[in-house]
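Participant: Going down the list, the protein sequences come from chains A and B.
For the first sequence, my numbering assigns the number 1 to the initial residue and increments by one for each residue that follows.
For the second sequence, my numbering assigns the number 1 to the initial residue and increments by one for each residue that follows.
Misleading hints may appear alongside valid ones.
Note that the list lumps identical chains together, so a pair holds whenever it fits in one copy or between two copies.
Stated by the list, open to error - Once the Cα atoms are required to be at most 25 angstroms apart in a straight line, the calculated SDA-like pairs of lysine to any residue come out as:
hint, residue 1, residue 2
1, Lys350, Ser50
2, Lys350, Thr10
3, Lys99, Arg349
4, Lys350, Pro303
5, Lys350, Ala55
6, Lys99, Glu130
7, Lys350, Arg6
8, Lys99, Pro359
9, Lys350, Glu60
10, Lys350, Ala9
11, Lys350, Ile5
12, Lys99, Asn317
13, Lys350, Phe124
14, Lys156, Ala131
15, Lys156, Ala51
16, Lys99, Asp244
17, Lys99, Thr148
18, Lys350, Thr228
None of these hints come from the bench; they were simulated from the model.
Predicted model, so just to flag it, every value in this text is computed and none were measured.
2 protein chains.
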Amino acid sequence: MAEPIRPGATLGILGGGQLGRMIAVAAAQLGIRTHAYCPDAQSPAFDVASAGTVAAYEDEDALRRFAGAVDLVTYEFENVPERTAAIVAPLRPLRPGVKALATAQDRLVEKTFVAALGIPVAPFRAVGSEADLAEALADLGTPAILKTRRFGYDGKGQVRIEAGDGPGEAWAQLGGAPAIVEGFVPFAFEVSIVAARGPDGAFAAYEPCLNEHRGGILRTTRLPSGLTDAEGEAAAALARAIADALDYVGVLTVELFVVEEAGGRRFVVNEMAPRVHNSGHWTIEGAECSQFEQHVRAVCGWPLGSTRRTGTVAMRNLIGDEIDAWRDLLAEPGLHLHHYGKTRARPGRKMGHVTVVTP
Amino acid sequence: MAEPIRPGATLGILGGGQLGRMIAVAAAQLGIRTHAYCPDAQSPAFDVASAGTVAAYEDEDALRRFAGAVDLVTYEFENVPERTAAIVAPLRPLRPGVKALATAQDRLVEKTFVAALGIPVAPFRAVGSEADLAEALADLGTPAILKTRRFGYDGKGQVRIEAGDGPGEAWAQLGGAPAIVEGFVPFAFEVSIVAARGPDGAFAAYEPCLNEHRGGILRTTRLPSGLTDAEGEAAAALARAIADALDYVGVLTVELFVVEEAGGRRFVVNEMAPRVHNSGHWTIEGAECSQFEQHVRAVCGWPLGSTRRTGTVAMRNLIGDEIDAWRDLLAEPGLHLHHYGKTRARPGRKMGHVTVVTP
Numbered sequence: 001m002a003e004p005i006r007p008g009a010t011l012g013i014l015g016g017g018q019l020g021r022m023i024a025v026a027a028a029q030l031g032i033r034t035h036a037y038c039p040d041a042q043s044p045a046f047d048v049a050s051a052g053t054v055a056a057y058e059d060e061d062a063l064r065r066f067a068g069a070v071d072l073v074t075y076e077f078e079n080v081p082e083r084t085a086a087i088v089a090p091l092r093p094l095r096p097g098v099k100a101l102a103t104a105q106d107r108l109v110e111k112t113f114v115a116a117l118g119i120p121v122a123p124f125r126a127v128g129s130e131a132d133l134a135e136a137l138a139d140l141g142t143p144a145i146l147k148t149r150r151f152g153y154d155g156k157g158q159v160r161i162e163a164g165d166g167p168g169e170a171w172a173q174l175g176g177a178p179a180i181v182e183g184f185v186p187f188a189f190e191v192s193i194v195a196a197r198g199p200d201g202a203f204a205a206y207e208p209c210l211n212e213h214r215g216g217i218l219r220t221t222r223l224p225s226g227l228t229d230a231e232g233e234a235a236a237a238l239a240r241a242i243a244d245a246l247d248y249v250g251v252l253t254v255e256l257f258v259v260e261e262a263g264g265r266r267f268v269v270n271e272m273a274p275r276v277h278n279s280g281h282w283t284i285e286g287a288e289c290s291q292f293e294q295h296v297r298a299v300c301g302w303p304l305g306s307t308r309r310t311g312t313v314a315m316r317n318l319i320g321d322e323i324d325a326w327r328d329l330l331a332e333p334g335l336h337l338h339h340y341g342k343t344r345a346r347p348g349r350k351m352g353h354v355t356v357v358t359p
Numbered sequence: 001m002a003e004p005i006r007p008g009a010t011l012g013i014l015g016g017g018q019l020g021r022m023i024a025v026a027a028a029q030l031g032i033r034t035h036a037y038c039p040d041a042q043s044p045a046f047d048v049a050s051a052g053t054v055a056a057y058e059d060e061d062a063l064r065r066f067a068g069a070v071d072l073v074t075y076e077f078e079n080v081p082e083r084t085a086a087i088v089a090p091l092r093p094l095r096p097g098v099k100a101l102a103t104a105q106d107r108l109v110e111k112t113f114v115a116a117l118g119i120p121v122a123p124f125r126a127v128g129s130e131a132d133l134a135e136a137l138a139d140l141g142t143p144a145i146l147k148t149r150r151f152g153y154d155g156k157g158q159v160r161i162e163a164g165d166g167p168g169e170a171w172a173q174l175g176g177a178p179a180i181v182e183g184f185v186p187f188a189f190e191v192s193i194v195a196a197r198g199p200d201g202a203f204a205a206y207e208p209c210l211n212e213h214r215g216g217i218l219r220t221t222r223l224p225s226g227l228t229d230a231e232g233e234a235a236a237a238l239a240r241a242i243a244d245a246l247d248y249v250g251v252l253t254v255e256l257f258v259v260e261e262a263g264g265r266r267f268v269v270n271e272m273a274p275r276v277h278n279s280g281h282w283t284i285e286g287a288e289c290s291q292f293e294q295h296v297r298a299v300c301g302w303p304l305g306s307t308r309r310t311g312t313v314a315m316r317n318l319i320g321d322e323i324d325a326w327r328d329l330l331a332e333p334g335l336h337l338h339h340y341g342k343t344r345a346r347p348g349r350k351m352g353h354v355t356v357v358t359p
């Protein structure tokens, strides 16, 4: 049994992006120091973390020193290498745990796991060859989406296959990486559930938020989502079933397709993320306790915070050179600008976000 | 003319306490890096600042290196030595400026300055000797308060003189430091105005907050304050007159006594602080833009944020071992805990605060 975590403790964070940056800020409010670990010295989290290690995720000595300098470890991206987690986990509590990481970083494992809980997912097939893909498309029909099993994010590692497209081109585009193909889900809209689970099984979910994507990247999140309270509770129950089955500790995000049918609406799980999530950024100003503070509370084994929403909320990502409008955005009364401090505004890169809460 | 400040710039902060810590967090949200300068390596601001210098305020080489590493400089306490400011100010924009610092760090200069603007202050006399004090008490009567001209905070450097007390003991208690004595103001309650002024003269004030002190230390801040809107505007106008006269840049706090008389209520300025202030902590959750973000916006020359209040607000300081209740406080739904990460909970030391906002 690990020692209870108290203010003054140090939380190690694997990953140095804006999610790590916002976790570090939330941790500081609670008196928790942070130590960010990331191979890229220019990473946003280093600006606010109490300490930092710039080293490769494969650097075993650096990982051991990092573990020795912190009281517990979390991560801000799901592609933490298995070996990295295996080095850290025996030395310090790793929250969420290795099972959540292993499940979420492989789309085939994740979909199989969720489906085994009796939760609807898009129809899918494992694909290891062009022949597999041809066979799967014959089963699932088109449109379909071919996705790499690992390392996909923001629409990367995905190819949409339309009626009439052969399997060859799509397969070649993914470069022969192990993949899955998913049948198309005719969804009306997309929501996500951001929820937290503590080491004692305590659970708290934010209400579902309505997400709009463009080019595979989240553009806006809005609340209320348009779902009924009963639907919101059903969505939270799905997230809880997943979290319980993973013995999950921390904030977890589940993206859901909402399908409208004659009999009503139903949910299909799109994917999960074992971490704080872009679609939860609205909670910084729009909920009593932000997803970042909630994550720190959960991994520390502290009481979970209130997920109550404080108004009508709209969050918009600032992608690429949209961040150049920062000064005009600052002049909009009541708008909250978050600038991640990234030095280069590459196209498609998340540079910041803005949130408006209307009481 | 200095270069315009843009996200990615580094804000130097003289001082390393919780105010500097909260400025650093607010700066990070806006993409501004921070560099804290403080002689004490255990200071709270170092946990979140992007860079830090541990050096004496008299260390001229360290100050020059610090100035060379940042784009502009602010401070989180008004007792920055004159010489420190004189070294930094020619190298980088110092905001608020030297005039604000010189005025606010000497009670005699401050009161003389405010009175010269036609703004009511408590009756006061300069005191350089026991004989001065005796003469002043004969003029002002008792109760009266003897205060050192410099370096007082949280009730330190103050002695209350009651009817029948001779001047000798009070004078001895302050150790012969240059002082002022103030006549007693029969106030009904105390409020403060937290306001910001930009380099272009833009001005924005939060509404007055009701402050309760105990033992010279702020205990609680509440809003609404009980003042009328017209009284709130009058209080803001006092703050603006002071800020304009100082050509002030940044957040400024003015503490006011509210005196109830037959004809109505009137304000008497108690003191000013050329910085973010404990009585403005409520703005983190209780206003659209916090005093810390507002300070960063102002010193950077950016548009000021919305000071709109989002609900009924109560802020309470956690003094000394009150911080030990952190876990129980975290369990209260909707309560926001701020733990400053200080390692030792000395009696009278501000260790954190809690805020509740009721819509």
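Participant: Run every hint past the structure and note whether it holds.
Facilitator: Do the hints match the structure? See the list:
In this homomeric assembly, Lys350 and Ser50 come within 25 angstroms of each other (Cα to Cα) both inside a single copy, at 24 angstroms, and across copies, at 21 angstroms. In this homomeric assembly, Lys350 and Thr10 come within 25 angstroms of each other (Cα to Cα) only across copies, at 21 angstroms, whereas the closest approach inside a single copy is 27 angstroms. Taking CA atoms no more than 25 angstroms apart as the test, Lys99 paired with Arg349 passes in neither setting, with 29 angstroms inside one copy and 44 angstroms between copies. Only between protomers do Lys350 and Pro303 lie at most 25 angstroms apart by alpha-carbon distance; the minimum there is 23 angstroms, versus 31 angstroms within a single protomer.
Taking CA atoms no more than 25 angstroms apart as the test, Lys350 paired with Ala55 passes inside one copy only; the shortest distance there is 23 angstroms, against 37 angstroms between copies. Proximity of Lys99 and Glu130 under a CA criterion of 25 angstroms is satisfied in neither setting, with 30 angstroms inside one chain copy and 75 angstroms between copies. Taking identical chains as interchangeable, the C-alpha atoms of Lys350 and Arg6 lie at most 25 angstroms apart only when they sit on different chains, with a minimum of 18 angstroms there against 33 angstroms within one chain. For a Cα distance limit of 25 angstroms, the shortest separation of Lys99 from Pro359 qualifies neither inside one copy, at 40 angstroms, nor across copies, at 40 angstroms.
Taking the closest pair of Cα atoms, Lys350 and Glu60 never come within 25 angstroms of each other, the shortest separation being 30 angstroms inside a single copy and 41 angstroms across copies. Taking identical chains as interchangeable, the C-alpha atoms of Lys350 and Ala9 lie at most 25 angstroms apart only when they sit on different chains, with a minimum of 19 angstroms there against 30 angstroms within one chain. In this assembly of identical chains, Lys350 and Ile5 lie within 25 angstroms of each other by CA distance solely across copies; the values are 22 angstroms between and 33 angstroms within a copy. In this assembly of identical chains, the alpha carbons of Lys99 and Asn317 never lie at most 25 angstroms apart, being 30 angstroms within a copy and 41 angstroms across copies at closest.
For a Cα distance limit of 25 angstroms, the shortest separation of Lys350 from Phe124 qualifies neither inside one copy, at 29 angstroms, nor across copies, at 57 angstroms. With identical chains, the CA atoms of Lys156 and Ala131 are at most 25 angstroms apart within one copy only, with a shortest distance of 23 angstroms there and 81 angstroms across copies. Taking the closest pair of Cα atoms, Lys156 and Ala51 never come within 25 angstroms of each other, the shortest separation being 31 angstroms inside a single copy and 35 angstroms across copies. When the C-alpha separation of Lys99 and Asp244 is checked against a cutoff of 25 angstroms, the pair qualifies only within one copy, where the shortest distance is 12 angstroms, while the shortest distance between copies is 60 angstroms.
For a Cα distance limit of 25 angstroms, the shortest separation of Lys99 from Thr148 inside one copy, 20 angstroms, qualifies, whereas the shortest one across copies, 62 angstroms, does not. With identical chains, the CA atoms of Lys350 and Thr228 are never at most 25 angstroms apart, being 31 angstroms at best within one copy and 45 angstroms at best between copies.
Violated hints, in rising order: 3, 6, 8, 9, 12, 13, 15 and 18; the structure is consistent with all others.
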